[in-house]
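*Asks:* One letter stands for each residue in the lines below.
2 protein chains.
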Amino acid sequence: MKAFYGDLKLGILGGGQLGRMLIQQAINYNVTVKVLDPDREAPCRKLCEEFVVGSLSDYDTVYKFGKKVDLLTIEIEKVNVEALAKLEEEGVMVYPQSRVIRLIQDKGLQKQFFKENDIPTAEFQLISSPEDLRNTAFTFPYIQKLRRDGYDGKGVYKVIDANDLPGAFTEPSLIERFVDFEKEIAVIVARNESGEVKAFPMVEMEFNPQANLVEFLIAPSTLPFEIQQEAEQLAKKIAEDLKIVGLLAVEMFLEKNGRILVNELAPRPHNSGHQSIEGNTVSQFEQHLRAIFDQPLGDTACLHNAIMINVLGEESHEGPAVYKGIEKVLKCPGVYVHLYGKALTKPFRKMGHVTIVDVDREKAIEKARYVQQTLKVVS
Amino acid sequence: MKAFYGDLKLGILGGGQLGRMLIQQAINYNVTVKVLDPDREAPCRKLCEEFVVGSLSDYDTVYKFGKKVDLLTIEIEKVNVEALAKLEEEGVMVYPQSRVIRLIQDKGLQKQFFKENDIPTAEFQLISSPEDLRNTAFTFPYIQKLRRDGYDGKGVYKVIDANDLPGAFTEPSLIERFVDFEKEIAVIVARNESGEVKAFPMVEMEFNPQANLVEFLIAPSTLPFEIQQEAEQLAKKIAEDLKIVGLLAVEMFLEKNGRILVNELAPRPHNSGHQSIEGNTVSQFEQHLRAIFDQPLGDTACLHNAIMINVLGEESHEGPAVYKGIEKVLKCPGVYVHLYGKALTKPFRKMGHVTIVDVDREKAIEKARYVQQTLKVVS
Numbered sequence: 001m002k003a004f005y006g007d008l009k010l011g012i013l014g015g016g017q018l019g020r021m022l023i024q025q026a027i028n029y030n031v032t033v034k035v036l037d038p039d040r041e042a043p044c045r046k047l048c049e050e051f052v053v054g055s056l057s058d059y060d061t062v063y064k065f066g067k068k069v070d071l072l073t074i075e076i077e078k079v080n081v082e083a084l085a086k087l088e089e090e091g092v093m094v095y096p097q098s099r100v101i102r103l104i105q106d107k108g109l110q111k112q113f114f115k116e117n118d119i120p121t122a123e124f125q126l127i128s129s130p131e132d133l134r135n136t137a138f139t140f141p142y143i144q145k146l147r148r149d150g151y152d153g154k155g156v157y158k159v160i161d162a163n164d165l166p167g168a169f170t171e172p173s174l175i176e177r178f179v180d181f182e183k184e185i186a187v188i189v190a191r192n193e194s195g196e197v198k199a200f201p202m203v204e205m206e207f208n209p210q211a212n213l214v215e216f217l218i219a220p221s222t223l224p225f226e227i228q229q230e231a232e233q234l235a236k237k238i239a240e241d242l243k244i245v246g247l248l249a250v251e252m253f254l255e256k257n258g259r260i261l262v263n264e265l266a267p268r269p270h271n272s273g274h275q276s277i278e279g280n281t282v283s284q285f286e287q288h289l290r291a292i293f294d295q296p297l298g299d300t301a302c303l304h305n306a307i308m309i310n311v312l313g314e315e316s317h318e319g320p321a322v323y324k325g326i327e328k329v330l331k332c333p334g335v336y337v338h339l340y341g342k343a344l345t346k347p348f349r350k351m352g353h354v355t356i357v358d359v360d361r362e363k364a365i366e367k368a369r370y371v372q373q374t375l376k377v378v379s
Numbered sequence: 001m002k003a004f005y006g007d008l009k010l011g012i013l014g015g016g017q018l019g020r021m022l023i024q025q026a027i028n029y030n031v032t033v034k035v036l037d038p039d040r041e042a043p044c045r046k047l048c049e050e051f052v053v054g055s056l057s058d059y060d061t062v063y064k065f066g067k068k069v070d071l072l073t074i075e076i077e078k079v080n081v082e083a084l085a086k087l088e089e090e091g092v093m094v095y096p097q098s099r100v101i102r103l104i105q106d107k108g109l110q111k112q113f114f115k116e117n118d119i120p121t122a123e124f125q126l127i128s129s130p131e132d133l134r135n136t137a138f139t140f141p142y143i144q145k146l147r148r149d150g151y152d153g154k155g156v157y158k159v160i161d162a163n164d165l166p167g168a169f170t171e172p173s174l175i176e177r178f179v180d181f182e183k184e185i186a187v188i189v190a191r192n193e194s195g196e197v198k199a200f201p202m203v204e205m206e207f208n209p210q211a212n213l214v215e216f217l218i219a220p221s222t223l224p225f226e227i228q229q230e231a232e233q234l235a236k237k238i239a240e241d242l243k244i245v246g247l248l249a250v251e252m253f254l255e256k257n258g259r260i261l262v263n264e265l266a267p268r269p270h271n272s273g274h275q276s277i278e279g280n281t282v283s284q285f286e287q288h289l290r291a292i293f294d295q296p297l298g299d300t301a302c303l304h305n306a307i308m309i310n311v312l313g314e315e316s317h318e319g320p321a322v323y324k325g326i327e328k329v330l331k332c333p334g335v336y337v338h339l340y341g342k343a344l345t346k347p348f349r350k351m352g353h354v355t356i357v358d359v360d361r362e363k364a365i366e367k368a369r370y371v372q373q374t375l376k377v378v379s
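Here the protein sequences line up with chains A and B, keeping their order.
The first sequence begins at 1 in full-length UniProt numbering and counts up one residue at a time.
The second sequence begins at 1 in full-length UniProt numbering and counts up one residue at a time.
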């Protein structure tokens, strides 16, 4: 059992909002935090013992940073895994483990892992060249995804028919059957070093198709209990198959026929778990800390209905951020504003999120819509 | 209406645990924080944009610090009020106002304010010299309190009979009738610049007589509704009479005859409000920020039974702090540990607090007792 306070220095690769919210929680345990991020204006810059500006994908930078800490975690998976593997060899605790990050960084390896472990996922084919794509037996329409470095909808390309082929990615990719889903759902699960595994209750998501970002998330789900249970079991199975230490976000599709397909994994706190800060007994950030410090995992029960909306930069605004309507939303009880400390807004940039809680689900939805219409990030 | 994010720099006089928890909340609003504290190892040292080491009672130090910020607040009332008054004159917003801090710094002025405003309080007499004390018409037993600089039970002296007189304070003080109280209670109230006033539900306290510190606090109260209402009305009246901007903690005695007497005021977040972080819709820290930034005050409703226990340094331990039993208490659902980032423990030093929540009051009490027996700060 590691000491969960003071003694151990925690390093975080990435200094964005996920790191920021992790630090807010780590304060409660006297955990000393150092952060590495390429952006000297990153959200964590003022909130840690040491903020190092440097590349997350450069071997030497990550290795040197890792040597300063006892325990290293990530808030973004695009990091140099070779450096992490070397640090592990040299006795630094790296959670999630480098092998897990390596697997998840590559959507092709992720899909193969699903297949090998009987985890239901949309049919796919790995594509290494434009020729592979021309010769595929897949019928239109399908989705092409870059194997590496896609995020928030980037690196995804729809192939409706042959006319779309010239615009397709030429880098290593995979193609996937177009899933006609009823709903996107997600489960966040945690596993600590001792092997304890706990899932948060399943959440339902609504995407903004224009921004291709989660826009509206609601928990607990009102879908049939069996579906929720199946999703939670699936997430736990994946965490156990991976033997991950830390948090794992499992994004899933619920097909119209009722089948659940696993879409993607993220081995870290995730946008689909932000509502847990106010909505659950423990938050995803608290749970991640408990998992990586090998502490008992916390109770994940929902306390009330919670809706999370992302606060995105308005479409035609770019520059220093101004938050319009904040005093109006603060008038509503049970509305929690979380801004991410980003000075500049850009169209659809994640500038913050708001969680709305209410014992009455319909009221929560009504308040969430009001917040969405009222709070605007302009420049 | 002030901008509640980014634009305004907030200065905090004092870098202890109250400042630390205020910063944890301020992160959500992108508020840039600077802190002044004489101790270079103060709990806030790593969590702010700028941490200035310097005396809180020195005019020049406080004035110079105040000139760097737009809005100045306190987490301890022992600060140089002359500097604050000058800063106010020069356009810095100081909340709570210097005149409120000046009044509250002096227990004599506080008591006179109660008298002038028909606020029930124990009978008292101001004492300026040992001679005054010898000539008082007060009958034994009574309590002597220093007018200035008493805190956490320091600066209080019990005069049981004439034998205690030689040990009495010789500095300006007041003497007060010994109150035979049933219970200590407290209400935290907030008032923003626009004049909106909201009280948190009354809490009941249990003191550790040896350490003379709040040891156990429970909310909501189960005392009769009329008593709770009276206490909350009284706190609101005081906030309105003072025209304070910010948070005001009102500590009260409930006498055996059912009468409420106001004991002391603190114009800032207070130990008797820590349970609000998990126990209420908004916490005292969120409410203080809303009040000083002139935002709508938040809903103060209790979400469930919440008990707060202080985590104090064990009696015979002094040195680098070790927190024993933390992994055991983390096994209980609804137990929230807050450590204050203090490297060294001393007997009875406030090293942290734990909030225990449960829908069942008896279960909450049972869990609190378990935490109290289990979590120990040793060296």
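There's no promise every hint is true.
To be verified - Computed cross-link-like contacts, DSS-like style, restricted to lysine-lysine with a CA-CA straight-line distance of at most 30 Å:
#  : chain 1 : residue 1 : chain 2 : residue 2
1  : A       : Lys46     : A       : Lys237
2  : A       : Lys115    : A       : Lys67
3  : A       : Lys328    : B       : Lys236
4  : B       : Lys324    : A       : Lys68
5  : A       : Lys34     : B       : Lys46
6  : A       : Lys158    : A       : Lys78
7  : B       : Lys158    : B       : Lys145
8  : A       : Lys331    : B       : Lys331
9  : B       : Lys346    : A       : Lys34
10 : B       : Lys331    : A       : Lys237
11 : B       : Lys67     : A       : Lys46
12 : B       : Lys145    : A       : Lys34
13 : A       : Lys68     : A       : Lys115
14 : A       : Lys9      : B       : Lys158
Claimed, not checked - Okay, the calculated beta carbon distance ranges per label pair:
#  : chain 1 : residue 1 : chain 2 : residue 2 : range
15 : A       : Glu49     : B       : Lys363    : 36 to 46 Å
16 : B       : Ile365    : A       : Arg99     : 57 to 67 Å
17 : A       : Ser128    : B       : Lys363    : 56 to 66 Å
18 : B       : Glu318    : A       : Gly91     : 31 to 41 Å
19 : A       : Ser128    : B       : Glu50     : 20 to 30 Å
20 : A       : Pro333    : B       : Leu223    : 20 to 30 Å
21 : B       : Ser57     : A       : Glu41     : 29 to 39 Å
22 : B       : Asp241    : A       : Pro333    : 40 to 50 Å
23 : A       : Glu82     : B       : Ser57     : 49 to 59 Å
24 : A       : Gln229    : B       : Ala301    : 28 to 38 Å
25 : A       : Gln373    : B       : Lys68     : 35 to 45 Å
Just so you know, the hints here were simulated from the structure itself, not pulled from any lab data.
Ideal Cβ positions, reconstructed from N, Cα and C, are used throughout, including at glycine.
*Asks:* Are the hints correct? Go through all of them and say.
*Replies:* Evaluation of the provided hints:
| no. | hint | verdict |
| --- | --- | --- |
| 1 | A:Lys46 / A:Lys237 | violated, 38 Å |
| 2 | A:Lys115 / A:Lys67 | violated, 36 Å |
| 3 | A:Lys328 / B:Lys236 | holds, 24 Å |
| 4 | B:Lys324 / A:Lys68 | holds, 26 Å |
| 5 | A:Lys34 / B:Lys46 | holds, 11 Å |
| 6 | A:Lys158 / A:Lys78 | holds, 24 Å |
| 7 | B:Lys158 / B:Lys145 | holds, 9 Å |
| 8 | A:Lys331 / B:Lys331 | violated, 36 Å |
| 9 | B:Lys346 / A:Lys34 | holds, 28 Å |
| 10 | B:Lys331 / A:Lys237 | holds, 23 Å |
| 11 | B:Lys67 / A:Lys46 | holds, 21 Å |
| 12 | B:Lys145 / A:Lys34 | violated, 46 Å |
| 13 | A:Lys68 / A:Lys115 | violated, 38 Å |
| 14 | A:Lys9 / B:Lys158 | violated, 47 Å |
| 15 | A:Glu49 / B:Lys363: 36 to 46 Å | holds, 38 Å |
| 16 | B:Ile365 / A:Arg99: 57 to 67 Å | violated, 46 Å |
| 17 | A:Ser128 / B:Lys363: 56 to 66 Å | holds, 59 Å |
| 18 | B:Glu318 / A:Gly91: 31 to 41 Å | holds, 33 Å |
| 19 | A:Ser128 / B:Glu50: 20 to 30 Å | violated, 52 Å |
| 20 | A:Pro333 / B:Leu223: 20 to 30 Å | holds, 25 Å |
| 21 | B:Ser57 / A:Glu41: 29 to 39 Å | holds, 36 Å |
| 22 | B:Asp241 / A:Pro333: 40 to 50 Å | violated, 27 Å |
| 23 | A:Glu82 / B:Ser57: 49 to 59 Å | holds, 55 Å |
| 24 | A:Gln229 / B:Ala301: 28 to 38 Å | holds, 33 Å |
| 25 | A:Gln373 / B:Lys68: 35 to 45 Å | holds, 38 Å |
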